[in-house]
Amino acid sequence: MRYLLRRLGFYLITAWAAITINFLIPRLMPGDPVDLMVARMNGQIDPDAIAAMKRAFGLTGGSLWSQYWTYLGNLAHGELGRSITMYPTEVSSVIGGALPWTLGLVGIATIISYVIGTGLGVVAAWRRGTWLDSILPATTFLQAVPYFWVALALVMVFGVTLSWLPVSGAYSLDVEPGFTGDFLGSMAYHAILPAITIVVASIADRVMGMRNVMVTTLGEDYVTMAEAKGLTSRRVMWAYAARNAILPNITSFTLSLGFVVGGSVLTEIVFSYPGIGSVLLKAVENEDFPLMQGIFLIISLAVLAANFLADLCYVALDPRTRQEA
Amino acid sequence: MPRSPKIIAGGVILVFFILLALVGPVLVDGDPTKTTDVGLAGPSAAHWLGTTQSGQDVLAQVVYGARVSLGVGLLSALIATVLSIVVGLIGGYAGGVVDEVLSLLTNIFLVLPALPLVIVLAGYLPSRGVTSVAAVIAVTGWAWGARVLRAQTLTLRGRDYVQAAKASGERAWRIIFAEILPVEFPVIATSFLATVLAAILAEAGLSFLGLANLSTVSWGTMLYFAQNNQALLVGAWWWFIPPGLCIALIGAGLGLLNFGIDEIANPRLRTVLPKRRKRFGAGR
Amino acid sequence: MDYLTGSGAVHAVDGVSLTLRRGEILGLAGESGSGKSTLANAVARLLRPPAVVTAGSVTYHRADGSATDLLRMGKQELRRFRWKELAVVFQSAMNSLNPVTTVGSQVDDVLRAHDRSMSTVERRDRAVELLRRVGISADRAKSYPHELSGGMRQRAAIAIALALNPEIIIMDEPTTALDVVVQRDILREIKALREEYGFAVVFITHDLSLLLSMADRIAVMYAGQLVEHGAARDVHDHPRHPYTLGLLRSFPKLRGPREELLGIPGTPPDLRDLPPGCPFHPRCRFAVDACSAEQPELTEVHSGQWAACLAHGPSYGPVPVELSAGGSR
Chain A
1 MRYLLRRLGF
11 YLITAWAAIT
21 INFLIPRLMP
31 GDPVDLMVAR
41 MNGQIDPDAI
51 AAMKRAFGLT
61 GGSLWSQYWT
71 YLGNLAHGEL
81 GRSITMYPTE
91 VSSVIGGALP
101 WTLGLVGIAT
111 IISYVIGTGL
121 GVVAAWRRGT
131 WLDSILPATT
141 FLQAVPYFWV
151 ALALVMVFGV
161 TLSWLPVSGA
171 YSLDVEPGFT
181 GDFLGSMAYH
191 AILPAITIVV
201 ASIADRVMGM
211 RNVMVTTLGE
221 DYVTMAEAKG
231 LTSRRVMWAY
241 AARNAILPNI
251 TSFTLSLGFV
261 VGGSVLTEIV
271 FSYPGIGSVL
281 LKAVENEDFP
291 LMQGIFLIIS
301 LAVLAANFLA
311 DLCYVALDPR
321 TRQEA
Chain B
326 MPRSPKIIAG
336 GVILVFFILL
346 ALVGPVLVDG
356 DPTKTTDVGL
366 AGPSAAHWLG
376 TTQSGQDVLA
386 QVVYGARVSL
396 GVGLLSALIA
406 TVLSIVVGLI
416 GGYAGGVVDE
426 VLSLLTNIFL
436 VLPALPLVIV
446 LAGYLPSRGV
456 TSVAAVIAVT
466 GWAWGARVLR
476 AQTLTLRGRD
486 YVQAAKASGE
496 RAWRIIFAEI
506 LPVEFPVIAT
516 SFLATVLAAI
526 LAEAGLSFLG
536 LANLSTVSWG
546 TMLYFAQNNQ
556 ALLVGAWWWF
566 IPPGLCIALI
576 GAGLGLLNFG
586 IDEIANPRLR
596 TVLPKRRKRF
606 GAGR
Chain C
610 MDYLTGSGAV
620 HAVDGVSLTL
630 RRGEILGLAG
640 ESGSGKSTLA
650 NAVARLLRPP
660 AVVTAGSVTY
670 HRADGSATDL
680 LRMGKQELRR
690 FRWKELAVVF
700 QSAMNSLNPV
710 TTVGSQVDDV
720 LRAHDRSMST
730 VERRDRAVEL
740 LRRVGISADR
750 AKSYPHELSG
760 GMRQRAAIAI
770 ALALNPEIII
780 MDEPTTALDV
790 VVQRDILREI
800 KALREEYGFA
810 VVFITHDLSL
820 LLSMADRIAV
830 MYAGQLVEHG
840 AARDVHDHPR
850 HPYTLGLLRS
860 FPKLRGPREE
870 LLGIPGTPPD
880 LRDLPPGCPF
890 HPRCRFAVDA
900 CSAEQPELTE
910 VHSGQWAACL
920 AHGPSYGPVP
930 VELSAGGSR
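Residue numbers (our numbering), protein chains in the order written: chain A, 1 to 325; chain B, 326 to 609; chain C, 610 to 938.
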């Protein structure tokens, strides 16, 4: 439990750091963000919006210190300021509408990619020295493809050329949103291509990560001993080698989560998926700084939460972390 | 340097792209931004990789784009590597509170998702030139290198020759930069190569969102324009396939190079097996 | 057996021939890098690439008189043979026990893999019984390796080795990682268990003096070759090979007359670049010119005691007194 508490403490500090970075960026970057925006909009901006922005940035006068406390107070009430583009909608409600889509899509795709990729990595390590090694150069290529480029290619092939799968939106416009079979089916149908994109773009990291850890684990005495015990290959591979290799692999997986989320957000843009990515694009196009910052904060917190979930898995899998010392 | 096929393949790919960026513009005649009447034409003798919506030559764009993409990648990785050396070596060498604080900072930047932070930072940039974009990307790209270097420094700190230098009254900064830094060169090289790729990808992502200087041609801005001009719906694959392919190829080159270096450092990862069939191994 | 390296094959173990009799303890001694563990792993077919067995055989004679070559066994046959006939105790139980499962379940999976007729309850009882037999209480079956002390872990490893009542147990430096007191307890335990179960032991160690109280016979390896073997008492009292003598004299004796501590100068040779002739000659104080030209063969110097040293051959003058029956210890 001490392990978990220590991790929790670290995430709290990191969350505080993200919140503080978020506060400092507009104040440290050269130029006043509001003036910058007004200049870019050529004066076509609602005076109300300017006031809202000043408020959103906490640029309401006073010392930096008092601004910081006002900012923290607002945050504690879930207040992330108001969106400029969709003024006067709260940033939190704009994000709140988009977040479930992203969580669902990215969450499920990441789990699929992790399970398949890790499994392939185990097999690739076990059978090293066979033809499977020839996939290695291919994985270095896949590790480097931009997510959104994979999305473009898949849309081109399966959406446009073959017309097999829908290429935009999260569900078909002719079904009524609700908890119905039709709607859920349409949702799953629309999620296929974006999910495949995320899986394809992220799986090589999982395969290589697991393979490398696994190769090291295969050299451990307990694997040799398991083999000497006359256990079946399958049992040696999974219950001894993979079961141990998964632990460092979880750690490196959590560190890559931020990267996966970043790529997935860009993927959503290609598919016009109504998640965080599309909101982000809108925010960037309209220089909607409060919205951009809100998204940074939410994604950061979501990644921290995912990290903590991974830590829970780690503790469940490694008895050594449960030791009361 | 052992002759590993991976290192050779990776090296060839990288040299190709570096040459492409350096001398390509001389070989490919044509201005990448010059518009013509032949819009969205497929590959032909006149335009090997076809043309964009406004009739620009895709091949010329890819060649010129290499300069910006590689330039941002290298510059950004350079800044990030300097940062990671400073943080990693000082933290690892100093130990104590300094190390605690720097490690915490490193871990925070490791966990925080880089892209959203880069986006916010880039959003606030008054001008989005190559240098400022590279700097912004570097801010999020140094943590991994710092972590690896810190671990390495921690082990080196205990070595005899460092202890001897310490005992003879060498100044701390001299020990760090003259005694420890040179030994860590292979680690620095590996992390530099990985950071180059991360920076190229980040630049592409930023450009794709429209957060880069859209008047310069980079692989990222090519993808941005292809996406925004519905290249997909008209089937203009020649417009968006080449820039992404180039990024992935460079990534493969860097990956193979790092792979090769890793295999030299850690022989267990080596995959080459004896050709002899008579092998009484562990039964597999 | 060879290790294949970038610059060609390295003979890690070369031309070694040994017999292990039913129920005996055979000690295998030598410095690290002498090839004793490689030999044991080759016998158990646990070598991993780049190590390969290029030639040789391991003949196993069953009680019913039939014989098999381990090195020619098929995958399934080998799997059934393992642990049932030949079990292994590794040097460090910290590393050889699976850190993420309980010791009880590590006994359990051997039973499950080899005897499908046993029920879950039977297997659990058997695991507890085995652990109890080596001095681990029943409630410890649910412990993870990291929750046990070093000695307890090694006991658990021995319990696992006993699970199927094997004919042979290879023990690769089973006590090296332990402190002296625990080491003595474990050795006593091994001897007692041997009396009870009647298995044969190949006991590998770099500590020759430890073998004297343990082993029936001793074999000494140097640079991948067998340099001397014979009954434990003979090898101890009258070592016939200068290397054995050096090993024995490199530890001070606690009892008995004081004698010169000899030790062995220099370091073990690089297997990639063995000296010509006898591989030991650069470190040998009895070496003569012939030693760097001629490779000595194992010859029976005394009844049942074999040594590979030219000092016992015709080309050498009188046998040095230290290497003859006269040089007592």
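Everything labelled a hint here was simulated from the structure, so no lab data went into it. Each residue gets a CB set at the ideal place from its N, CA and C atoms; glycine is no exception. Honestly, I wouldn't trust all of these hints.
Computed cross-link-like contacts, DMTMM-like style, restricted to lysine to aspartate or glutamate with a CA-CA straight-line distance of at most 25 Å [as the list claims (entries may be wrong)]:
1. C/Lys800 x C/Asp843
2. C/Lys693 x C/Glu738
3. C/Lys800 x C/Asp816
4. A/Lys282 x A/Glu79
5. C/Lys751 x A/Asp133
6. C/Lys751 x A/Asp318
7. C/Lys684 x A/Asp133
8. B/Lys491 x B/Glu588
9. C/Lys751 x C/Glu738
10. C/Lys693 x A/Asp221
11. B/Lys491 x B/Glu504
12. C/Lys684 x A/Asp318
13. C/Lys693 x C/Asp724
14. C/Lys800 x C/Asp825
15. C/Lys684 x C/Glu694
16. C/Lys800 x C/Asp882
17. C/Lys751 x C/Asp734
18. C/Lys751 x C/Glu731
19. C/Lys751 x A/Asp221
20. C/Lys693 x C/Asp816
21. C/Lys800 x C/Glu782
22. C/Lys693 x A/Asp48
23. C/Lys693 x C/Glu731
24. C/Lys684 x A/Glu220
So, partial list: chain C residues that the calculated Cβ filter (under 8 Å) puts toward chain A [what the hints assert, rightly or not]:
25. Gly665
26. Tyr669
27. Ala672
28. Ala676
29. Ser701
30. Val719
31. Leu720
32. Leu757
33. Tyr806
34. Arg842
35. His845
36. Arg858
To give an idea of the chain C side of the interface with chain A (calculated C-beta under 7 Å), a few residues [to be verified]:
37. Val697
38. Asn704
39. Val709
40. Ala722
These are the hints, each one checked on the structure:
About 20 Å separates the Cα atoms of C/Lys800 and C/Asp843, which keeps this hinted pair within 25 Å; it holds. Of the pairs offered as hints, the one joining C/Lys693 and C/Glu738 holds, with about 18 Å between alpha carbons and a cut-off of 25 Å not exceeded. Our distance criterion of 25 Å between C-alpha atoms is met by C/Lys800 and C/Asp816, whose separation comes to about 17 Å. With a CA separation close to 20 Å, the supplied pair A/Lys282 and A/Glu79 stays within the 25 Å bound.
For the hint linking C/Lys751 to A/Asp133, the alpha-carbon distance of about 40 Å lies beyond 25 Å, and the restraint is violated. For the hint linking C/Lys751 to A/Asp318, the alpha-carbon distance of about 15 Å falls within 25 Å, and the restraint holds. For the hint pairing C/Lys684 with A/Asp133, the CA-to-CA distance comes to about 23 Å; that is within 25 Å, so the pair holds. Note on B/Lys491 and B/Glu588: the hinted pairing is violated, with a Cα-Cα distance of about 33 Å set against a maximum of 25 Å.
Distance restraint check for C/Lys751 and C/Glu738: the Cα-Cα separation of roughly 14 Å lies within the 25 Å cut-off, and the hinted pair is therefore satisfied. Between C/Lys693 and A/Asp221, the direct Cα distance comes to roughly 19 Å. Compliance with the 25 Å bound is thereby established for this hinted pair. Under the criterion of a C-alpha separation no larger than 25 Å, the hint pairing B/Lys491 with B/Glu504 is consistent with the structure, at around 10 Å. With a C-alpha separation of about 32 Å, the suggested pairing of C/Lys684 with A/Asp318 is violated against the 25 Å cut-off.
Pair hint C/Lys693 plus C/Asp724 holds up; C-alpha atoms about 10 Å apart against a cutoff of 25 Å. Proposed proximity of C/Lys800 and C/Asp825 is supported: the alpha carbons are some 11 Å apart, at most 25 Å. A hinted pair counts as satisfied when its Cα atoms are at most 25 Å apart, and C/Lys684 with C/Glu694 qualifies at roughly 15 Å. Taken as a hint, the C/Lys800 and C/Asp882 pair is broken in the structure, with Cα atoms around 40 Å apart against an allowance of 25 Å.
The suggested pairing of C/Lys751 with C/Asp734 holds, with an alpha-carbon distance near 13 Å, which does not exceed 25 Å. The suggested pairing of C/Lys751 with C/Glu731 holds, with an alpha-carbon distance near 16 Å, which does not exceed 25 Å. Taken as a hint, the C/Lys751 and A/Asp221 pair is honoured in the structure, with Cα atoms around 21 Å apart against an allowance of 25 Å. Of the pairs offered as hints, the one joining C/Lys693 and C/Asp816 is violated, with about 29 Å between alpha carbons and a cut-off of 25 Å exceeded.
For the given pair, C/Lys800 sits about 15 Å from C/Glu782 by alpha-carbon distance, which is consistent with the 25 Å threshold. This hinted pair does not check out: C/Lys693 and A/Asp48 have alpha carbons roughly 83 Å apart, beyond 25 Å. Distance hint between C/Lys693 and C/Glu731 is fulfilled; the C-alpha atoms sit about 18 Å from each other, no more than 25 Å. Distance hint between C/Lys684 and A/Glu220 is fulfilled; the C-alpha atoms sit about 21 Å from each other, no more than 25 Å.
The interface hint given for C/Gly665 is broken, as the beta carbon of that residue sits about 19 Å from the closest beta carbon of chain A, more than 8 Å. The beta carbon of C/Tyr669 is not positioned within 8 Å of any beta carbon in chain A (closest approach about 14 Å), and the interface hint is therefore violated. At a threshold of 8 Å, the smallest CB-CB gap from C/Ala672 to chain A is about 19 Å, leaving the interface hint violated. Nearest Cβ of chain A to the Cβ of C/Ala676: about 20 Å, over the 8 Å cut. The hint is violated.
Here the hint on C/Ser701 is kept, as its CB sits about 7 Å from the closest CB of chain A, short of 8 Å. The beta carbon of C/Val719 is positioned within 8 Å of a beta carbon in chain A (closest approach about 5 Å), and the interface hint is therefore held. For C/Leu720, the suggested interface contact is broken, since its CB lies about 10 Å from the closest CB of chain A, more than 8 Å. With its C-beta approaching chain A no nearer than about 12 Å, C/Leu757 sits outside the 8 Å limit, and its interface hint is violated.
For C/Tyr806, the interface hint is violated, since its Cβ never comes within 8 Å of a Cβ in chain A; the closest pair sits about 17 Å apart. Hint on C/Arg842 is violated. Least Cβ distance to chain A is approximately 32 Å, over the 8 Å limit. For C/His845, the shortest C-beta to C-beta distance to chain A is roughly 31 Å, which exceeds 8 Å, and the interface hint is violated. Because the closest C-beta pair between C/Arg858 and chain A is about 33 Å apart, greater than 8 Å, the hint is violated.
At a threshold of 7 Å, the smallest CB-CB gap from C/Val697 to chain A is about 5 Å, leaving the interface hint in force. Look at C/Asn704: its Cβ gets to within about 4 Å of chain A, closer than 7 Å, so that hint holds up. Below 7 Å, beta-carbon pairs count as interface contacts, and C/Val709 has one with chain A at about 6 Å; its hint therefore holds. The closest approach between the C-beta of C/Ala722 and any C-beta of chain A is roughly 5 Å, which is under the 7 Å cut-off, so the hint is satisfied.
This entry does not satisfy hints 5, 8, 12, 16, 20, 22, 25, 26, 27, 28, 31, 32, 33, 34, 35, 36, going by the numbered hints stated previously.
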